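Visitor: Sequence:
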Amino acid sequence: STMEETDREAVATAVQRVAGMLQRPDQLDKVEQYRRREARKKASVEARLKAAIQSQLDGVRTGLSQLHNALNDVKDIQQSLIDVNKDWRQSINTIENLKDVKDAVVQHSQLAAAVENLKNIFSVPEIVRETHDLIERGELLQAHRKLMDLECSRDNLMYEQYRMDSKNTHDMNLIHTYFGNMQKLSEELAKQLWMVVQRSLVTVRRDPTLLVSVVRIIDREEKIDRRMLDRKKQTGFIPPGRPKKWKEKMFNILDRTVSTRIEGTQADTRESDKMWLVRHLEIIRKYVLDDLLVAKTLLDQCFPPNYDIFNKLLNMYHQALSTRMQELAAEDLEANEIVSLLTWVLNTYKSTEMMGNSELSPEVDVNSLDALISQNVVDQLLSKYMSTLTSNIIGWLRKALETDKKDWIKETEPEADQDGYYQTTLPAIVFQMFEQNLQVAAQINEDLKTKVLLLCLQQMNSFLTRYKDEAQLYKEEHLKNRQYPQCYVQYMIAVINNCQTFKESIISLKRKYLKLEMEDTLSSSHASMDATLDIIAKEGCSSLLDEVFMDLEPHLNELMTKKWLMGCNAVGTICVTVEDYFNDFSKIKKPYKKTMTIEAHRRVVVEYIRAIMLKRISFKNAEERKEGAERMIKEAEQFRFLFKKLAAGSGEDTEGLCDIIEAIAEVIKLTDPSLLYLEVSTLVSKYPDIRDDHIAALLTVRGDASRDMKQTIIETLDQGPSQPNPNYVPIFKEITVPTLTVPKLLK
Numbered sequence: 103s104t105m106e107e108t109d110r111e112a113v114a115t116a117v118q119r120v121a122g123m124l125q126r127p128d129q130l131d132k133v134e135q136y137r138r139r140e141a142r143k144k145a146s147v148e149a150r151l152k153a154a155i156q157s158q159l160d161g162v163r164t165g166l167s168q169l170h171n172a173l174n175d176v177k178d179i180q181q182s183l184i185d186v187n188k189d190w191r192q193s194i195n196t197i198e199n200l201k202d203v204k205d206a207v208v209q210h211s212q213l214a215a216a217v218e219n220l221k222n223i224f225s226v227p228e229i230v231r232e233t234h235d236l237i238e239r240g241e242l243l244q245a246h247r248k249l250m251d252l253e254c255s256r257d258n259l260m261y262e263q264y265r266m267d268s269k270n271t272h273d274m275n276l277i278h279t280y281f282g283n284m285q286k287l288s289e290e291l292a293k294q295l296w297m298v299v300q301r302s303l304v305t306v307r308r309d310p311t312l313l314v315s316v317v318r319i320i321d322r323e324e325k326i327d328r329r330m331l332d333r334k335k336q337t338g339f340i341p342p343g344r345p346k347k348w349k350e351k352m353f354n355i356l357d358r359t360v361s362t363r364i365e366g367t368q369a370d371t372r373e374s375d376k377m378w379l380v381r382h383l384e385i386i387r388k389y390v391l392d393d394l395l396v397a398k399t400l401l402d403q404c405f406p407p408n409y410d411i412f413n414k415l416l417n418m419y420h421q422a423l424s425t426r427m428q429e430l431a432a433e434d435l436e437a438n439e440i441v442s443l444l445t446w447v448l449n450t451y452k453s454t455e456m457m458g459n460s461e462l463s464p465e466v467d468v469n470s471l472d473a474l475i476s477q478n479v480v481d482q483l484l485s486k487y488m489s490t491l492t493s494n495i496i497g498w499l500r501k502a503l504e505t506d507k508k509d510w511i512k513e514t515e516p517e518a519d520q521d522g523y524y525q526t527t528l529p530a531i532v533f534q535m536f537e538q539n540l541q542v543a544a545q546i547n548e549d550l551k552t553k554v555l556l557l558c559l560q561q562m563n564s565f566l567t568r569y570k571d572e573a574q575l576y577k578e579e580h581l582k583n584r585q586y587p588q589c590y591v592q593y594m595i596a597v598i599n600n601c602q603t604f605k606e607s608i609i610s611l612k613r614k615y616l617k618l619e620m621e622d623t624l625s626s627s628h629a630s631m632d633a634t635l636d637i638i639a640k641e642g643c644s645s646l647l648d649e650v651f652m653d654l655e656p657h658l659n660e661l662m663t664k665k666w667l668m669g670c671n672a673v674g675t676i677c678v679t680v681e682d683y684f685n686d687f688s689k690i691k692k693p694y695k696k697t698m699t700i701e702a703h704r705r706v707v708v709e710y711i712r713a714i715m716l717k718r719i720s721f722k723n724a725e726e727r728k729e730g731a732e733r734m735i736k737e738a739e740q741f742r743f744l745f746k747k748l749a750a751g752s753g754e755d756t757e758g759l760c761d762i763i764e765a766i767a768e769v770i771k772l773t774d775p776s777l778l779y780l781e782v783s784t785l786v787s788k789y790p791d792i793r794d795d796h797i798a799a800l801l802t803v804r805g806d807a808s809r810d811m812k813q814t815i816i817e818t819l820d821q822g823p824s825q826p827n828p829n830y831v832p833i834f835k836e837i838t839v840p841t842l843t844v845p846k847l848l849k
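Residue numbers (the numbering used here): 103 to 849.
Think of the hints as simulated: they come from the structure by calculation, not from any bench. Among the clues, some could well be false.
Said to hold, decoys possible - Pairwise CB distance ranges, derived in the manner of DEER restraints: (1) 584 to 636: 22 to 30 Å; (2) 211 to 343: 19 to 27 Å; (3) 407 to 343: 24 to 32 Å.
Said to hold, decoys possible - Below, a list of computed lysine-lysine pairs in the BS3-like style, where the Cα atoms sit at most 25 Å apart: (4) 177 to 188; (5) 334 to 388; (6) 248 to 346; (7) 570 to 512; (8) 835 to 696; (9) 640 to 747; (10) 612 to 551; (11) 728 to 664; (12) 665 to 717; (13) 717 to 736; (14) 665 to 736; (15) 812 to 728; (16) 346 to 388; (17) 512 to 486; (18) 188 to 201; (19) 696 to 640; (20) 293 to 414; (21) 736 to 664; (22) 577 to 640; (23) 746 to 640; (24) 640 to 551; (25) 746 to 736; (26) 605 to 640; (27) 664 to 771.
Because the structure is a prediction, the values reported are computed rather than measured. For glycine and all other residues, C-beta sits at the position ideal for the given N, C-alpha and C.
Please construct the entire structure, taking both the sequences and the accompanying hints into account.
Guide: This is the structure in structure tokens:
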């Protein structure tokens, strides 16, 4: 049916094609032509079909013949397998009988090894002797080569024995004993190697080849060790004395050598040399730097890179130094020794003088080096230093003051500075000591420097209080006997000047050693020191003025007496004495001298007015009053002249003081008693601290005012207004007026 369908489709298609060809009448002429063309096409298609079918048939034929051959082959193989199986079953029994051959093979290999080693075995004693001689002569590489041969013979024999019968210890021991001397040789050689290793830093300079040989020997032994350990993993056998671990031993010896080198640098003890520690540390620094430079430039080249010899040595030195520094820190160190140690550990070690040396970089990086001693130990040392320093400073200050006090009683004047001001060495000694300790502390770090500065100033504070007490005692002793000490005035001046020097030194010390942000922590103690110094200077000045007025006392006692009125020269003597003292006082430094001059001027005027108020004289008449008043005015002028001279150049204005004497003189001089009230009220308005008893005394000295008159004037005065000079410092309140007592009346 399929064929029929195909026929039908073919006919239909043909009809369609013919219809397509014959659509126009003129195409009918070409029918023959079309028929021929179609016949050609058909013939070509048929030829192609035939060819295709032919090749298919050829392929099938070939395939069939190959399948046939394969079948024959399979049959042959099957037959062969049957034959093999038969043979194998027959030969099982024969294999059982081959064990003897196997044993013979093992024995043969052992005997072969023995034969191989025979010449060595017989010549062992000879080789041992030769090797020994080579070691004696220092020909270490040859010696090692022979030793390796010997060990190789022994190890091979033992290995063969082990393979044959690992439980037979008797034969093993036999071999071991026969090669017994070889172990001693190995030890002798090792001893030579370790001697070279110990002195490697010297050897590398004198005989680098020797060191290279030693390193090569050690490296060979390392390789043998590794080989033996690998074989042990596979077979369980390892020869006696292995692994030798000579590389590890070499590093241990280097480590011990480094430790010994560092410990051995302490040549002195404190008993034999106060500078023992500084010396010790300096030798260590030098040795370590030299050694590391040699290690880097020469030693490094004698070792294989994987030994990392320079870094290993660097670590050894660091460890040994750390141990040594901890030992030193644990000793009972003095303050200066603590500083030497800490400066070395914290600064020198990493500085360019040591590990930071440019020739050691980049291998040595100071930033990655650990600290030699822990922060905890550093803190302990610092606190010990501070407490030792505290007691030292207290001791030094006490001693300095004692020494200074001895000077105060000398019979020679104190030294003067370049400007001629008296001084003693005390401030210089104290601040030199502070400076030294601060410079030392600054070597360690900022923090310690600040602590030491605070300590110095704190001790200075208490020292100044003692200085004040000593100056007070000095004055009291002198008052018991004014002839002694001979140079009391000059040394008291020196004490006063020292106060100024101390002030300046404190400021410069702070400026030099204290950071600005720390200023506040010290302001109160600074203020307190300044205050103490001002008190010492003030008390010193006032004790010097006491000296002056003790000498003036007899002359002051002559004022306002009959003798005075008759024309004695008390004021002249007073002026000469004051001027004489002020020649010495010119050696007092500016700020204090200025105060002294003002104070002296004031006290002279006070004493003069006190003499008036003592009522030692009462003028009899106008003539005497005039004479007395004129004397007073003249003497006020003398005082004015004197103090102008003394205050020269200091810009003092103390004119006003002498004016008081003149104002009093005017009251006494007044001839018209009716104007007395007016004159007195003028006086009171100028000097409002004048009390009633002062006016009563003044009127008594005038000698012409009755009791009632005094009463009236005083009562009326109370209502008067006052107009004092704004610069006026009350002077009358210091002056007491004696009240009339019975003995006075009896005179």
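Visitor: Now, for every hint given, state plainly whether the structure supports it.
Guide: Each hint, compared with the structure:
no.: 1; hint: 584 to 636: 22 to 30 Å; in the structure: holds (26 Å)
no.: 2; hint: 211 to 343: 19 to 27 Å; in the structure: holds (25 Å)
no.: 3; hint: 407 to 343: 24 to 32 Å; in the structure: holds (29 Å)
no.: 4; hint: 177 to 188; in the structure: holds (17 Å)
no.: 5; hint: 334 to 388; in the structure: violated (48 Å)
no.: 6; hint: 248 to 346; in the structure: holds (17 Å)
no.: 7; hint: 570 to 512; in the structure: holds (20 Å)
no.: 8; hint: 835 to 696; in the structure: holds (24 Å)
no.: 9; hint: 640 to 747; in the structure: holds (23 Å)
no.: 10; hint: 612 to 551; in the structure: holds (11 Å)
no.: 11; hint: 728 to 664; in the structure: holds (14 Å)
no.: 12; hint: 665 to 717; in the structure: holds (14 Å)
no.: 13; hint: 717 to 736; in the structure: holds (20 Å)
no.: 14; hint: 665 to 736; in the structure: holds (17 Å)
no.: 15; hint: 812 to 728; in the structure: holds (20 Å)
no.: 16; hint: 346 to 388; in the structure: violated (36 Å)
no.: 17; hint: 512 to 486; in the structure: violated (40 Å)
no.: 18; hint: 188 to 201; in the structure: holds (23 Å)
no.: 19; hint: 696 to 640; in the structure: holds (12 Å)
no.: 20; hint: 293 to 414; in the structure: holds (22 Å)
no.: 21; hint: 736 to 664; in the structure: holds (17 Å)
no.: 22; hint: 577 to 640; in the structure: holds (13 Å)
no.: 23; hint: 746 to 640; in the structure: holds (22 Å)
no.: 24; hint: 640 to 551; in the structure: violated (34 Å)
no.: 25; hint: 746 to 736; in the structure: holds (15 Å)
no.: 26; hint: 605 to 640; in the structure: holds (14 Å)
no.: 27; hint: 664 to 771; in the structure: holds (17 Å)
Hint compliance for this structure: hints 5, 16, 17 and 24 are broken, all remaining hints hold.
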